[in-house]
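**Student:** As a plain string of letters, each chain reads:
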Amino acid sequence: MRRVWADPKYLIVCLITLVLVAGEARYSILGGYDRLATTLGVCMATEVLLSWWLRGRVANLASAYITGISLALLIKPQANMLWPFALGAFLAIASKYVLTYRGRHLWNPSNFAIAFLVLVASDSVAILSHQWGNDLRINLVIWAFGLAVASRARVLHVTLTYVVCFTVLALLRNAIVGGPVLAELAPITGPMYQLFVFFMVTDPRTTVSTRPGRMVVVAIVALVESLIRLAGDFQVPLLRPLYVSPPLLALAIVGPVAMWWDLSRQAKKS
Amino acid sequence: MNHASWRRVFVMAAFIAAGAGVVLLNRRGTGSAATWDPIRLSEVAHASGIDFVHQAATLDPRIANIAPHIAALGACVSVVDVNNDHWPDLYFTTSRFGAANALYLNQKDGTFRDVAAQAGVASLNRAAEGASMGAVWGDYDNDGLEDVLVYKWGYPQLLHNLGNLHFADVTAQAGLRRWMNSNGAVWFDFDRDGLLDLYITGYFRSDIDFWHLRTTRIMQSSWEFASNGGKNLLFRNLGNGRFEDVTDAMGVGSTRWTLAAAAADFNDDGWPDLYLANDYGPEELFLNLEGKRFELARAGLADDSKSGMAVAVGDVFNRGRYDVFVTNISERGFLFQGNNLRINLLKELGRFNEIATGVVADAGWAWGAQFGDVNNDGWLDLVVVNGFISADSGRDYWYAMSKVAGAQGNIFEDAKNWPPIGTASLSGYERSRVLLNRSREGPSGGFVDVALEAGVTDRLDGRGVAMADLFNVGALDVVIANEKGRALLYRNTATPLHWVEFKLIGTRSNRSAIGAEVTVEFGGVRQRQVVDGAMGFCSQNDRRVHFGLGKSTLDRVTIQWPSGTVQTVGGLAADRLHEITEPPK
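Protein chains in written order, with my numbering: chain D, 197 to 466; chain Z, 12 to 596.
Hints listed in this document are in silico derivations from the structure and should not be mistaken for laboratory results. Computed from a prediction, not measured in an experiment: that's the story for all the values here. Even for Gly, the Cβ is constructed at its ideal location relative to N, Cα and C. Errors might be hidden in some of the hints.
Take a look, some chain D residues computed to stay more than 10 Å from chain Z by CB distance [unchecked claim]:
no., residue
1, 205
2, 236
3, 254
4, 287
5, 300
6, 314
7, 316
8, 386
9, 401
10, 412
11, 436
12, 439
13, 450
To give an idea of the chain D side of the interface with chain Z (calculated C-beta under 8 Å), a few residues [stated by the list, open to error]:
no., residue
14, 276
15, 320
16, 331
Here are some, though not all, of the chain Z residues that point toward chain D, as calculated from beta-carbon distances under 8 Å [what the hints assert, rightly or not]:
no., residue
17, 22
18, 23
19, 30
20, 155
21, 234
22, 349
23, 416
24, 417
25, 427
26, 429
27, 561
Produce the entire structure from the sequences given, and follow the hints as far as they go.
**Tutor:** Right, dumping it as structure tokens:
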């Protein structure tokens with residue numbers, strides 16, 4: 197128990213397990229245990245195989261577990277399709293070994309896989325939106341636990357920076373596009389954002405090295421997301437593939453660029 | 012290269028292969044119908060004298076921001092032989108105040124004539140009375156004439172058929188004048204007393220008057236498990252022209268935003284059950300406990316929450332069971348709920364198994380659907396109509412709606428918090444589907460979409476769809492009611508294979524024979540159909556049941572009457588309509 201409390205990674209494991217259990221018990225959010233088994237199984241197996249094969253030792257599986265559950269919760273494919281879970285899980289974990297720069301992977305694994313799937317396979321794959329009962333109480337519980345864990349994991353500044361930026365930019369968007377202000381604020385009250393702010397933007401392996409840097413990067417993510425949303429409001433047809441999940445796709449665009457810049461900067465320093 | 016490098020190259024290759032796999036698997040095949048008995052449908056509405064155009068209701072300006080979304084219902088069609096001349100007639104509803112519903116009388120020469128005004132069933136859309144949302148026909152007083160219940164956003168209207176192509180409004184004396192926001196109703200004899208009872212579904216809450224709103228907090232509280240819709244009501248027919256509200260006593264007062272209901276004996280206990288398609292919530296199956304009460308079945312439905320729009324009941328694999336098709340929403344990238352094709356395994360497993368994939372699962376934003384053997388090959392095909400709002404094709408409301416869809420319920424429950432839809436489309440311009448059943452090859456044969464080959468090319472916003480052999484030639488025609496669009500009549504022009512049809516007349520059972528089941532044996536299989544008191548979404552098929560026989564001869568026919576009488580008939584000729592009267596006890 198002491199180890200769990202000491203290592204933020206295990207706290208995040210606990211939190212995402214809480215999200216999974218609560219979502220499944222209350223809303224059957226998985227849509228079938230075969231989906232969970234597939235994603236978790238492929239994530240774990242890929243992590244074991246690739247870490248042993250390429251690095252000569254089996255990696256800690258906490259990260260693969262978090263990725264597997266994130267994918268199982270976030271991917272909402274066409275009826276009875278399992279392949280998006282299997283291939284998404286493989287692509288997510290393999291991206292850590294293939295899409296690297298100076299020994300570090302550039303994308304958050306689940307973020308990469310989901311962005312790839314919704315952009316390349318939009319005829320088959322959508323992502324989590326309303327499949328959470330739209331229930332305030334359970335979301336409040338998860339936000340409360342999430343904020344506590346983020347604080348303990350020393351990433352609360354990332355989460356809060358994003359939330360503040362999202363709110364400010366939502367008000368700004370509302371000033372530009374009009375309509376009900378709650379419509380612009382509404383997305384952040386949804387379940388997809390829980391997974392986003394607690395498990396993706398805060399991923400220590402794919403964020404930049406300094407605290408101010410992380411805050412700036414997450415602010416840029418929120419800004420790019422807002423630009424995507426504005427394009428959606430102004431019906432820019434070319435960007436329609438991005439409208440299905442502005443925050444995840446904004447992170448997929450900004451995250452690796454920031455990592456590359458940070459790693460390059462560190463290399464120059466040393 | 013050293014070992015490590017080779018390994019890295021190998022992993023890179025696997026990574027690229029997995030990405031390519033995603034691309035390939037995303038391209039789904041639709042199958043081929045080249046070797047199958049063809050379906051030929053020709054759109055002849057105008058040529059047949061049907062020029063009906065649905066008009067949407069105009070609602071309170073307080074919900075103008077999403078009025079096109081809310082008012083996108085009401086284009087419905089039902090089939091009835093209103094004058095007992097053995098030629099099916101058609102009744103269409105429209106929704107704008109002042110606009111007239113239409114009763115198209117079959118002229119027996121391939122054309123129809125609207126007689127609604129003189130019959131007194133046209134001018135039902137009036138301020139303070141409400142807007143028509145559909146109609147179901149049934150002979151509630153067993154006088155040999157089909158009466159009609161028009162359900163509305165407003166007061167439903169029961170119109171008694173006087174027999175001279177005139178109708179009298181008997182709603183008040185029947186005890187049915189209750190304000191509801193209903194999009195469905197079904198006639199069925201739940202207590203098997205020989206009198207048709209009535210189940211009217213509630214969609215929006217019944218305290219909402221869409222023309223005088225007291226609040227904009229009228230929407231669903233959840234997209235998944237909402238139960239703040241209108242209450243469904245069950246009315247028992249007392250036999251003296253009056254109906255009694257027995258909803259609570261019978262336990263069927265669901266408030267789950269029901270859009271469609273169908274009745275059939277799903278568990279083979281001899282009593283008609285109720286299957287509900289609920290928007291923003293799971294489907295519900297209410298099992299009839301011998302007419303004394305209904306029980307919500309645990310049949311694998313409760314956890315599978317989608318946006319049910321229509322219930323079609325059919326014996327998909329010729330097993331003598333009632334399987335269920337429920338339409339839902341699919342939109343690229345945003346949402347894949349998928350239609351449900353639920354195979355009835357109540358006897359074996361106490362549940363339905365959902366098996367929809369491919370073209371069955373994904374028909375866009377699907378609304379009405381019906382089973383029917385359109386090519387007479389002995390297997391029930393599916394017709395599905397689609398599309399929600401076809402407006403400005405350059406503007407799309409999906410992104411704007413997605414802002415509130417994933418949010419907390421108390422935000423989108425208030426209509427004023429929804430982004431304005433303006434002139435945008437929402438899953439608009441989707442084509443209708445004709446899904447050919449290939450189960451002759453075995454259960455893995457599945458369905459293939461042959462709409463384009465069959466001649467079904469419309470991209471209107473379909474709502475109700477009904478099937479009937481309108482021209483008495485032994486082939487099912489397809490009638491589609493389109494929201495804010497013209498009605499379509501697809502005439503079946505294929506050379507028919509063998510077929511048989513039955514018109515049933517109840518004596519101890521209700522005279523419309525609604526709920527009667529016909530099982531036809533042919534070619535080593537048997538197919539079971541029920542005379543429906545409503546089916547699909549806001550629609551009703553002909554009370555005459557139609558069976559395709561393929562190239563087989565007709566064997567035994569068994570009729571299970573609602574009274575409980577089982578009648579077995581042999582030696583009937585194929586390729587004709589048989590009128591069968593319920594035998595005495």
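**Student:** Would you check whether the claim that residue 236 of chain D is not at the interface survives, using Cβ distances to chain Z and the 10 Å cut-off?
**Tutor:** holds, 17 Å
**Student:** Measuring Cβ to Cβ, find out whether residue 316 of chain D lies farther than 10 Å from everything in chain Z.
**Tutor:** violated, 6 Å
**Student:** Report holds or violated for the interface hint on residue 561 of chain Z, using the least CB-CB distance to chain D and a cut-off of 8 Å.
**Tutor:** violated, 29 Å
**Student:** Any CB of chain D closer than 8 Å to the CB of residue 429 of chain Z?
**Tutor:** Holds, about 7 Å.
**Student:** Does the claim that residue 450 of chain D lies off the interface hold, with its Cβ farther than 10 Å from every Cβ of chain Z?
**Tutor:** Since the minimum Cβ distance to chain Z is about 20 Å, residue 450 of chain D lies beyond 10 Å and the statement holds.
**Student:** Please verify that the nearest CB of chain Z lies beyond 10 Å from residue 205 of chain D's CB.
**Tutor:** Consistent with the label, residue 205 of chain D stays out of reach of chain Z, its closest Cβ about 24 Å off (over 10 Å).
**Student:** Say whether it holds or is violated: residue 401 of chain D keeps its Cβ farther than 10 Å from all Cβ of chain Z.
**Tutor:** holds, 18 Å
**Student:** Report holds or violated for the interface hint on residue 416 of chain Z, using the least CB-CB distance to chain D and a cut-off of 8 Å.
**Tutor:** At 5 Å from the nearest chain D Cβ, residue 416 of chain Z passes the 8 Å test, so the hint holds.
**Student:** Taking the least C-beta to C-beta distance, is residue 349 of chain Z closer than 8 Å to chain D?
**Tutor:** Residue 349 of chain Z check passes; min Cβ-Cβ to chain D is 3 Å, inside 8 Å.
**Student:** Holds or violated: the hint that residue 320 of chain D contacts chain Z, with Cβ atoms closer than 8 Å.
**Tutor:** This interface hint holds because 5 Å falls under the 8 Å limit.
**Student:** Evaluate the condition: distance from the CB of residue 300 of chain D to the nearest CB of chain Z exceeds 10 Å.
**Tutor:** holds, 15 Å
**Student:** Quick check for students: does the CB of residue 412 of chain D sit more than 10 Å from each CB in chain Z?
**Tutor:** The assertion about residue 412 of chain D holds, with a minimum of 26 Å to chain Z.
The structure fails hints 4, 6, 7, 8, 11, 12, 20 and 27 (numbered hints given earlier, in ascending order).
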